[in-house]
Amino acid sequence: VNANAMSIDDFDFLVRREVYDVTIRTGRVPAAPEVASALTEDVDDVRASFARLAAARVLVLDDDRNIVMAAPFSGVPTLFTVLANGISYFANCIWDALGVAAMLQADARIETTCDDCGTASSLRVENGAVVGDGIVHFAVPARRWWDDILFT
Amino acid sequence: MLLFRSEEHVERWSAQHGLPRGASMSLVTAWALAHA
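Chain order of the listed sequences is V and L.
The opening position of the first sequence corresponds to residue -1 in my numbering, with each subsequent residue numbered one higher.
The opening position of the second sequence corresponds to residue 2 in my numbering, with each subsequent residue numbered one higher.
No wet-lab data here; the hints were simulated from the structure.
Even glycine gets a Cβ: it sits at the ideal position worked out from N, Cα and C.
Some hints could be false.
Unchecked claim - One-sided and incomplete, this derived list gives chain V residues near chain L with beta-carbon spacing under 7 Å:
| id | residue |
| --- | --- |
| 1 | G84 |
| 2 | I92 |
| 3 | V128 |
| 4 | A137 |
All chains should be built: construct the whole structure from the sequences, respecting the hints.
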């Protein structure tokens, strides 16, 4: 695939698909060189694609242009672990942890803690239903999520 | 978005962080929306 011969949208779609394919397969969000190698593309083209996908709010990058968030997955360890299909994933928040289970369409176990008291909490998704206790709290209203998406 | 043991924990966490209390919902509702 020649990135320069494709429309930006097509190339970015390929990059996004590779990011999500690797993440779902391994539980680890890939870096630009890994995506470039898989697509046999130039790493700078992939990094440019990452930037465009971040501008479109598909990805969130850190200062070194690595993926921090590929929602609902997290590129860095978090307090929200989702175990499904024998693979461990990090989610960005409890909302995204449920999103990982929904995306995978699989039974899952979600491990997190109450952010107030630190008590461990284990939830299960079984046969399409969630089993467990707790209250999901949205500290930031949806219209302001992207003011600071990492805090959100 | 965080998970809390109860509404009481949400209230305490919000006060400790100096934040107005936000919206909350049950896990079952959140799970239903995750499929939307």
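Hint-by-hint comparison with the structure:
no. : hint : result
1   : G84  : violated (21 Å)
2   : I92  : holds (4 Å)
3   : V128 : holds (4 Å)
4   : A137 : holds (5 Å)
Checked against the numbered hints given earlier, this structure breaks only hint 1.
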